Amino acid sequence: MSTQPKPLSEVEHIKANSRLLRGTLAESLADPVTGAISSTDTSLIKFHGSYQQDDRDSREERRQQKLEPDYSFMLRTRLPGGVCTPAQWLVMDGLSREHANGSLRITTRQAFQLHGILKGDLKPTIARINASLIDTIAACGDVNRNVLCNPNPADTRLHEVVYSWAVRLSEHLLPKTRAYYELWLDEEKVAGGEEEPMYGATYLPRKFKVAVAVPPENDVDLFAHDLGYIAIIEDGALVGFNVSVGGGLGATHGDANTFPRLADVIGFVPPERMLGVAEEVLKMHRDFGDRGNRKRARLKYVLEDRGPAWFTQELERRLGFSLEPARPFTFEHNGDRFGWREGHDGRWHVTLHLDSGRVADRTDAPHLTGLREIARIHTGDFRLTPNQNLVIAGIQPEARERIETLIREHRLDGFKNASPLRRNALACVALPTCGLAMAEAERYLPTFVERVEERLTAHGLQDANILLRITGCPNGCARPYLAEIALVGKAPGRYNLHLGGDVRGQRLNRLYRENVDEATLLAVLDPLFAAYARERLRGEGFGDYVVRAGHVPAAPSRSPQAA
1 MSTQPKPLSE VEHIKANSRL LRGTLAESLA DPVTGAISST DTSLIKFHGS
51 YQQDDRDSRE ERRQQKLEPD YSFMLRTRLP GGVCTPAQWL VMDGLSREHA
101 NGSLRITTRQ AFQLHGILKG DLKPTIARIN ASLIDTIAAC GDVNRNVLCN
151 PNPADTRLHE VVYSWAVRLS EHLLPKTRAY YELWLDEEKV AGGEEEPMYG
201 ATYLPRKFKV AVAVPPENDV DLFAHDLGYI AIIEDGALVG FNVSVGGGLG
251 ATHGDANTFP RLADVIGFVP PERMLGVAEE VLKMHRDFGD RGNRKRARLK
301 YVLEDRGPAW FTQELERRLG FSLEPARPFT FEHNGDRFGW REGHDGRWHV
351 TLHLDSGRVA DRTDAPHLTG LREIARIHTG DFRLTPNQNL VIAGIQPEAR
401 ERIETLIREH RLDGFKNASP LRRNALACVA LPTCGLAMAE AERYLPTFVE
451 RVEERLTAHG LQDANILLRI TGCPNGCARP YLAEIALVGK APGRYNLHLG
501 GDVRGQRLNR LYRENVDEAT LLAVLDPLFA AYARERLRGE GFGDYVVRAG
551 HVPAAPSRSP QAA
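For reference, each letter of the sequence shown is one residue, going 1 to 563 in full-length UniProt numbering.
These are calculated hints, taken from the structure and not from any lab test.
One should not assume that every hint holds.
DSSO-like cross-link-like pairs, simulated, lysine-lysine; straight-line CA separation at most 30 angstroms [said to hold, decoys possible]:
#	residue 1	residue 2
1	K6	K176
2	K123	K176
3	K119	K189
4	K189	K6
5	K66	K119
6	K490	K416
7	K119	K295
8	K66	K6
9	K295	K490
10	K66	K123
11	K176	K189
12	K490	K283
13	K66	K189
14	K66	K176
15	K295	K283
16	K189	K283
Since we're looking at a predicted model, the values are computed, not measured.
Assemble the whole structure, with the sequences as input and the hints as a guide.
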């Protein structure tokens, strides 16, 4: 058997030669001949929070005209827990209209995305974002991404305590390179001696994702993450966090060695040990992740290949202490609670539904303008949810009527009449800008929801709380493999249909039909809806029903009992 080390992937060589993420980005950005950057720099700019993209709708026409693709850049923020001030919202709103495509997008990682930024506008856009005390560093790339948290503003003051730990965690896991500040903010170059004590010169094998949940809400889909922290509250106090490791949803069509995996709960730690545990888990990904095959480079495959027991033992060896046994917890749902709620401090909060997280001005729904007007008078904050919705939080009682009027005038109150299916549905961006997309997602979601709503209504299920998610490829950006119904793009107009997730985010779904079009999707779902209407138990969700009735086999799940 060969003992030769496995060849490194091309990206590993790019990182090793990048001078801690500098590469030739400065030269690429200054090149006036093209709207693109060099191929090696496209890997490195991700660490700075950006992806190079092009308009795939216009590719062929431009090719025939002998023009290069219509290049632009997507820019993503690092915004732990999705919390921002009205002033910061107004900065992002202004940039969306001045330098992007006139829209803001709220992602499933509680971050802003700007689309359609030209190369020459990248630097001033990033500079203005930083001036607002938001940044884009480590929003993409082989590092820890934006930390998710349930920053619930209404229930208890302890949610703010948990949120503060999520912010500290995000800061603790940031790369130490000064490349970002040199390239985008004109800081002086570091003269030698710079290093990455946590990440090393080649950073992680792939991305690393962290989420913090406060039971009974699992809106962060905790088990889909490399590292998860479940807040344990006893006698009104935060006593610590259960730790979960090894989740991840990305896969590759036709490659059985890649698959979604739910994280394992491996123990409990008090709050003061949270950061140290996160650092060592990240370092284990650094040391044991596959650097030869990026499709199998996530931490979940280390857990899958070596087992949770080995991982826990090695983690404890590195920490120098043992984790305590996991403590009981219960998740009830992974959705948002829409509409108005009064908080524990007497202030009000309203959660608004936004289709696929897209904030734009449409003829019948001037959402971007409406939220700009609200931001100009709001004295609380804005909270981006992991389900692509928006909480306007901390509204003073005397301001509620004015904000409610603005919501109504700008048609931001669609949650009132939307079906549960529409309110809970998620979609990734997909076409035309995502280079990985095989099929539509965001642009197709409203149409498909309407088709499914018709079938549900025909069976008296118009109020059924069914979780639908659509992605343009199998990489899982909208967390499709946890949905009760998921469409995963296979080719233009064709999807794999997955069924059987649950509304608590604790069970994977299963592939039910492969590579089918819309007519087939609806023809397959219709008899299942009919059977669900006839046979469901009291309070039984659609995903639970299709598993119980044997339409799909039970898939891997995580629960407090399993912990």
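Structure-based check of all given hints:
no.	hint	verdict
1	K6 x K176	28 angstroms, holds
2	K123 x K176	20 angstroms, holds
3	K119 x K189	22 angstroms, holds
4	K189 x K6	35 angstroms, violated
5	K66 x K119	20 angstroms, holds
6	K490 x K416	34 angstroms, violated
7	K119 x K295	29 angstroms, holds
8	K66 x K6	41 angstroms, violated
9	K295 x K490	17 angstroms, holds
10	K66 x K123	28 angstroms, holds
11	K176 x K189	14 angstroms, holds
12	K490 x K283	35 angstroms, violated
13	K66 x K189	39 angstroms, violated
14	K66 x K176	42 angstroms, violated
15	K295 x K283	19 angstroms, holds
16	K189 x K283	27 angstroms, holds
Checked against the numbered hints given earlier, the structure breaks hints 4, 6, 8, 12, 13 and 14 and satisfies all the rest.
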